[in-house]
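There are 2 protein chains.
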Amino acid sequence: MLVPAPVQDNAASRAARRWRQTHERAIVGEFIDLLKIPNISGNHGDVRRNAEAIAALMQAHGISARLISADDADPIVVGEVPTPGASRTIVFYAHYDGQPLDPKEWATPPFTPTLRNKMMEEGGQVIPLPPAGASLDPESRLYARSSSDDKAPIVAMLAALDALRDARMSLASNIKFVFEGEEERGSPDLVRLLSGNKPSFSGDVWLMCDGPVHQTRRPLIYFGARDVVTFDVTVYGPNSELHSGHYGNWAPNPALLLSQLLTSMKDSRGRVVVPGFYDEITPLGATERAALGAAPNIDRELMREFWLGSTEGAPATLTDLVTQPSLNIRGLASARVGAQESNVIPASATAAIDIRLVKGMDPSRTLDRVIDHIRNQGYFVVSREPDANIRQSHARVAFVERKHVGLGAVRTPMDLPISQEVIRTVNSIRGPAVTLPNMGGSLPLAEIEQSLGSRTIVIPMANHDNHQHSANENLRIQNLWDGIELMAALMAM
Amino acid sequence: MLVPAPVQDNAASRAARRWRQTHERAIVGEFIDLLKIPNISGNHGDVRRNAEAIAALMQAHGISARLISADDADPIVVGEVPTPGASRTIVFYAHYDGQPLDPKEWATPPFTPTLRNKMMEEGGQVIPLPPAGASLDPESRLYARSSSDDKAPIVAMLAALDALRDARMSLASNIKFVFEGEEERGSPDLVRLLSGNKPSFSGDVWLMCDGPVHQTRRPLIYFGARDVVTFDVTVYGPNSELHSGHYGNWAPNPALLLSQLLTSMKDSRGRVVVPGFYDEITPLGATERAALGAAPNIDRELMREFWLGSTEGAPATLTDLVTQPSLNIRGLASARVGAQESNVIPASATAAIDIRLVKGMDPSRTLDRVIDHIRNQGYFVVSREPDANIRQSHARVAFVERKHVGLGAVRTPMDLPISQEVIRTVNSIRGPAVTLPNMGGSLPLAEIEQSLGSRTIVIPMANHDNHQHSANENLRIQNLWDGIELMAALMAM
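Those protein sequence lines, which keep their order, are chains D and U.
In this text, residue positions in the first sequence follow this note's numbering: the first is 12, and each later residue adds one.
In this text, residue positions in the second sequence follow this note's numbering: the first is 12, and each later residue adds one.
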C-alpha cells in the first residue's frame with residue numbers, strides 16, 4: 012500500500028522524531044510494562060491496577076495525575092499540563108481498558124507482550140526485544156491485548172510531552188490527559204463522572220486517540236463516530252436438548268428459528284429491512300460529501316487482504332458505507348459445533364447483535380424498532396429469561412437482553428475553525444490526511460459533548476490491520492513512532 | 012402419565028422380577044462400576060477399557076466373551092449362550108460407547124454416577140446409594156453418560172440371564188450378545204467387522220436394545236429406524252475477525268450468510284424445501300399405518316413437559332412426523348456469545364446438521380441434493396477448508412464437511428412371524444406395547460441386514476426423559492427393572 016513520504020515541516024513533530032530515535036527501546040519498554048497488566052473491561056481489580064500504574068507513569072513523566080471515580084465506577088486517570096496565559100485547553104483522550112478475549116484463540120498469551128518481525132499472517136516470527144539503547148525494526152509488531160486499542164496512545168502522548176520539553180518548545184494551550192477505564196463496555200459511568208467533575212475535564216476540544224489510521228497508512232482524522240447499541244436475542248426450543256432422532260421434525264429447532272429471524276432483518280444485499288430503521292438519519296453536509304469523494308477507494312486492496320470475494324453493500328464503498336448505520340451479528344451460539352457436536356435439537360439459540368447508528372438516529376427508538384420487528388415475526392418478546400409458563404403460552408418467545416444503548420452519534424462540522432486547525436496541523440506532519448465525517452466504530456463522543464459542551468475530533472494512530480477487538484491484537488512499531496509525532500504536533504498547535 | 016398395570020403372565024419375566032427384587036443393590040452396583048469408565052465415542056483408549064470391563068463382567072456371569080476388532084476399529088464384545096438343539100439364534104444388541112459431552116454443562120460429573128431421588132427438573136436431590144442388600148426407590152434416577160444410552164441394556168441382559176438360570180428355565184433359542192463400541196459415531200467399522208466374522212454374529216433376528224420406551228411409559232417396539240447423515244456447513248467472512256464498527260456494512264457477515272442459507276432449506280412450517288428431498292420415500296404399508304393410528308397421541312403432554320408453545324410440523328403428531336425425514340440444525344457457532352462476546356464481524360460461521368432419512372431415501376443422494384441446493388443459493392461448495400485463492404475468487408464459499416453418511420433406513424415388516432412373536436412376548440409382560448414402523452433415532456440396522464441377512468427389531472428400555480445425547484443423561488431405576496423383565500422374556504421366547 013501507498014505510504015506517503017514524510018513532509019515534516021512541523022517543528023514539534025520533528026522534535027518528537029529526534030527524541031524518539033534516541034529513546035526507542037525505553038519507550039517500548041514502558042509500553043510493554045503497561046501491556047502486561049491485564050485490563051479486560053469490567054474486571055474491576057485489574058482495571059484499577061492499570062489506572063494506578065498509568066497515574067504512576069504520568070507522575071514519573073512529571074505530570075500531576077489523579078484518579079477520578081465514584082461508587083463502583085472504574086477510575087478515569089486525569090492529568091494536566093497547564094500553560095500560563097493560555098486561553099485554550101486541549102484534552103487528549105485515550106482508554107486503557109480492553110475487549111474481552113478467549114486466550115485459547117491467541118498465538119501468544121494476550122498479556123505477555125510479544126514482538127514479531129512482521130505480522131503473523133505474513134509469517135511473522137517471535138523475535139527478542141533489542142537490548143537497552145537499541146532501535147527497533149519499524150515494521151515489527153508488538154502483540155498484546157490493547158497494544159493498539161488503546162494503550163499505545165497513552166505511551167505516545169507521554170513520549171511526545173518528553174520530546175517537547177526536551178526541545179524546550181513552548182505550548183500555546185493548556186493540555187489535559189483523560190484516560191478512561193470503561194470504554195470497551197460502553198462508558199456507562201462517563202457522563203456521571205464528567206458531569207460531577209467538570210473543572211477537571213473541561214476543554215475546548217477533546218482529541219480522541221482511538222482506532223486505526225487509514226488503510227493506505229495515510230494519517231486520518233474523523234469528525235465523528237457511529238454510536239452503538241448492543242443486545243442479545245435468544246429464542247427457544249425444548250427446555251433441555253432433545254435427541255434429534257426421537258423429536259426431530261416435531262420439537263421446534265431454535266437454531267432454525269433464530270436463522271429465520273435474523274434473515275428477516277436484512278435483505279440479500281445487506282440492507283436492514285426493519286421498518287423505519289433509516290428514517291431519522293441526518294444527511295451529510297457539502298464539506299463532508301466532498302471529503303468522502305476525496306477519500307481513497309481501497310476496497311480492492313482490502314478485499315485481497317481479507318480474502319473477500321464480495322462485499323455486503325457493493326457497489327457502495329467502505330468509506331461511504333460506514334456513514335450509514337449497520338446491523339451486525341457479532342456472535343451466534345446454539346448447542347455445540349465441532350468435536351463436541353451431538354445429535355440434539357438445541358434448547359436455545361442466541362445471537363449477539365450490534366447496531367451502529369449515525370447522526371440523527373435515536374438509539375432507544377432504534378432498538379425498539381428492532382424489537383417491534385421481532386414481534387411482527389410472531390414472537391412474544393420478553394426482557395428477562397422466560398419461565399415455563401411464558402414459554403408454554405406462546406408459540407414463539409424471544410428474550411431480548413439490552414446490553415448497551417448509547418446516547419447517539421456525533422458529527423463535528425468539518426468547517427469549524429478548530430476542525431480546520433487540526434486538519435492543517437496533521438497535514439503538516441506527513442502530508443494530507445484523509446478526512447472523514449465519521450469513523451465506523453464508536454467512541455463516547457456524545458457523553459463528552461452532552462456533559463461538557465466540548466467538541467470532539469478523532470485522531471487515530473494504530474495500524475488498520477491490528478486485529479482490534481479480536482485475538483492477536485497488535486501494533487506496528489512505526490505506528491507508535493508516527494503517533495508520537497502526531498501527539499507532539501497537536502500538543503504544540 | 013398413564014402407567015399400565017402389570018400383566019405378568021410371562022413366566023420368564025416373573026422369574027426376572029423375583030431375582031431382581033432380591034438383588035437390586037448388586038445389579039445397580041455393577042451398573043455404576045460400568046458407568047464410571049469414560050466412554051466418549053472415538054476416545055479409543057477409554058472405549059477399549061469399557062470393552063475389556065464388559066468382557067470380564069460377562070465372564071463373571073458365566074458367559075464366554077471375547078473382543079472382535081480389526082486394525083484401528085474399536086472392539087465389539089461378543090458372547091454366546093448356546094442352547095443344544097435350538098434351531099433359532101436371537102442376537103441381543105446394545106452399544107457401550109457414549110455421545111461427546113461438555114462436562115461444564117453437567118450438574119454432577121458425567122462419569123461419577125450419581126443417584127437422585129427424582130429427576131432434577133422436578134427438584135431431584137442427590138441421595139446416597141442404599142447399603143448392600145437394600146432396595147432402591149424405583150422412581151430414583153441414576154445420572155451418568157450412557158446410563159440410558161446405552162449401557163443399561165447390558166446390565167439388564169446379564170441380570171436377566173442370571174434370573175433365568177437361577178429359576179432353571181430352559182431356553183428355546185441360542186442367545187448371542189453383541190455390544191458395539193462405535194455406535195455413537197455412526198458405526199464406521201460395523202460392516203467390516205460383521206462381514207469378516209459372520210459365524211460370530213449370525214442370527215435369525217437382532218433385537219436392538221437402544222433408545223427410550225414410549226412417553227406414556229408403555230413398552231414399545233420399533234420395526235425400523237431412521238438413518239442419519241451428518242455434516243457441517245461453514246461459510247466465510249473476512250480471514251480474521253474485523254471490528255464491527257470499522258467494517259460493519261461492508262465485510263460480509265458469515266453469521267448472516269449462514270442464517271440465510273439455513274432459512275432457505277426449510278419453510279416456515281418446518282418442511283424441507285431442498286428440491287427432491289421427499290421424492291424417494293417408500294410409503295408405509297397398511298399394517299404400519301394401522302399401528303400408527305393406534306399409537307397414543309401424547310403431543311399435549313410432551314409440549315407441557317418440554318415447555319413448548321408450538322410444534323414444528325403441527326397439526327401432524329410426533330408419531331407421524333418421525334416416519335418422515337427431518338433436517339435438523341444440531342449446533343451453530345460464530346465468534347462468541349455471552350461474557351466473551353465482542354464487537355466483531357465473525358470470520359466464519361458453522362452449522363452442524365443432521366438429516367434423518369426414512370426407508371427409500373438414498374443417503375448419499377440426499378446429501379448431494381442439499382449440496383446442490385447450497386450451490387443454487389450462490390455458493391461455491393468445497394469439501395475442504397478453502398484457501399485464500401478460493402475465497403477471493405468466489406462471492407460466497409461454503410465448506411461442506413461430510414461427517415457420517417449411513418447405508419439407508421430399514422423397516423422390518425410388522426407382519427413377519429418373528430415380528431408377531433416379539434409383539435406377543437412383549438405384550439405378555441405388562442400389557443399391549445406401542446408398536447411403531449420406525450423409531451425417530453438411528454441404529455445400524457442396515458449394516459446388520461446387509462452384512463448378515465438378519466432381521467432387526469428395536470426393543471428399547473430407557474425412560475423417554477433421559478436426556479439422551481445431552482447433559483445430565485439419566486436412567487429411571489424402574490426402567491432398569493422393567494428392562495430386566497423384558498430381556499428375560501425375550502431370551503426365553
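Some hints could be false.
One copy or two, either will do: identical chains are not told apart, so a pair holds if it fits within one copy or between any two.
Here are the simulated DSBU-like pairs of lysine-lysine, each with C-alpha atoms no more than 35 Å apart in a straight line [unchecked claim]: (1) K115 - K209; (2) K129 - K209; (3) K414 - K47; (4) K209 - K414; (5) K115 - K414.
Hints in this document: simulated from the structure, not taken from any laboratory.
We went through each hint and held it up to the structure:
{"no.": "1", "hint": "K115 - K209", "verdict": "neither (42 Å within a copy, 48 Å between copies)"}
{"no.": "2", "hint": "K129 - K209", "verdict": "neither (44 Å within a copy, 61 Å between copies)"}
{"no.": "3", "hint": "K414 - K47", "verdict": "within (28 Å within a copy, 42 Å between copies)"}
{"no.": "4", "hint": "K209 - K414", "verdict": "within (27 Å within a copy, 62 Å between copies)"}
{"no.": "5", "hint": "K115 - K414", "verdict": "both (25 Å within a copy, 25 Å between copies)"}
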